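A.B. asks: Protein chains in written order, with this note's numbering: chain S, 1 to 278; chain P, 279 to 404.
Simulated from the structure, these hints should not be mistaken for laboratory data.
Heads up, a few of these hints could be off.
[Said to hold, decoys possible] Under the rule of at most 25 Å between Cα atoms (straight-line distance), these lysine to any residue pairs were calculated in the SDA-like manner:
{"id": "1", "chain 1": "P", "residue 1": "Lys307", "chain 2": "S", "residue 2": "Leu59"}
{"id": "2", "chain 1": "P", "residue 1": "Lys351", "chain 2": "S", "residue 2": "Glu51"}
{"id": "3", "chain 1": "P", "residue 1": "Lys404", "chain 2": "S", "residue 2": "Ser44"}
{"id": "4", "chain 1": "S", "residue 1": "Lys32", "chain 2": "P", "residue 2": "Ile321"}
{"id": "5", "chain 1": "S", "residue 1": "Lys164", "chain 2": "S", "residue 2": "Thr79"}
{"id": "6", "chain 1": "P", "residue 1": "Lys404", "chain 2": "P", "residue 2": "Glu385"}
{"id": "7", "chain 1": "S", "residue 1": "Lys140", "chain 2": "S", "residue 2": "Asp266"}
{"id": "8", "chain 1": "P", "residue 1": "Lys351", "chain 2": "S", "residue 2": "Asp33"}
{"id": "9", "chain 1": "S", "residue 1": "Lys32", "chain 2": "P", "residue 2": "Asp389"}
Owing to the predicted nature of the structure, the values given are computational and were not obtained by experimental measurement.
Below are the chains, spelled out letter by letter.
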Amino acid sequence: MKSSQDHLIDELQNFMDGDLERFQALGKKIIKDFKRQQRIMEQSDRRQRQEYDQLQEKLLEVKALNLEIEETQKEVVFTMGAIGESRSKETGNHVKRVAGYSKILALASGMDETEAEMLKQASPMHDIGKVTIPDAILNKPGKLDAQEFEKMKEHAVLGYEMLKHSNRALLQMAATVAHEHHEKYDGSGYPRGLKGEAIHIYGRITAIADVFDALGSNRIYKKAWEDERIFALFRSERGKHFDPVLVDLFFNHINEILLVRDAYRDIFNQSNQSGTAL
Amino acid sequence: MENLHIEATKYTPEIDLNAEKNMLHFSGKSYPENTFDFYQPIIAWISAYFQEETKRETVVEMDIIYFNSSSSKLFFDLFDILEEARQNGQKITVHWLYDAENENALEAGEDFKEDFESLDFELIEK
Ligand SMILES: [Fe+2]
Ligand SMILES: [Fe+2]
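In isolation and in its complexed conformation, chain S is listed as follows (with noise of 0.2 Å):
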């Protein structure tokens, strides 16, 4: 029996032995593709390389750069932040430990870490329509009139004003949080007079973070309050002030918020501590 092979080894002898002449040209035409073929594929595999290298390259650039924006983002949004916060006498570290109560709040009430954070970032511009508001009211030691108040009440409004026009979530998001900081579960705050679920849940748990900070906090007009004093008054505002809800939250995760308040304590008789030297 032949195998195979040996049919393939007759037919290329007869083949040489009845024409030498085709055989040799074919066969010169096979060897040269063989080689050219060769060739490409070395060719490709060096393209290849250096195309993968440079791609890499690029990835580590993008990378890089995506951190870059990332950081730049936060660092603008907690600087608009704290320029809010710093005409009316509050420091760098009132906006952080903000978005700090705010991020747990916000973890305590079921958003994912994605829109906790986003949160964070944004419930810093609660205050930034302050900006607007004339020093004279903003810094004003003693109460104000009915008239000035109804002028720094304004500042709500003028923080959405200002921010609504973006197209970036955070800004939306922040847009919100200037508009309903000060609006209470019960109804009877402003600058809508907004009740229960209508306020929207960022604006919520910002208002308690921001209230439950500024009530914790030395300010040229009142001593901080103990914090005895100030749970007394979350548990009497629960449902009135703030949402029911959130209130409970706040008190299952008190721990973890004094911890943030820790970490950003206000040290005076020293350097300002914000960081943002406004």
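Fit chain P with the ligands to the known structure of chain S by using the hints.
C.D. replies: For chain P with the ligands alone, coordinates are given in the frame of chain S:
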């Protein structure tokens, strides 16, 4: 014979085969999904063009900035046709255009030039 013009796509070059001007022009990128199918009518047109009895001076302009290995193989086939036409007395000049920053395009051009010694092959920096 009829001219053949093919617009560039994302993966294929612009091709302009002009029998009146005796100009065969390729420009752009070449990494078609099916390279052999794509170039089949082009190779056919060029073979037919050189089979015409008329003696003329043809310029082949290759301005290819990126190509895959099958395209490379097809360019070899194309230059084979040119070489054969040359041997049959046709006058042909190949202009291989490359960008100074495109090392790969230059290297490929040098490679083709070396391989087709009998062709009048010019490397031209853009
Ligand atoms: Fe406010
Ligand atoms: Fe605040």
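A.B. asks: Could you work out which of the previously given hints the structure breaks and list their numbers from low to high?
C.D. replies: Those not satisfied: there are none.
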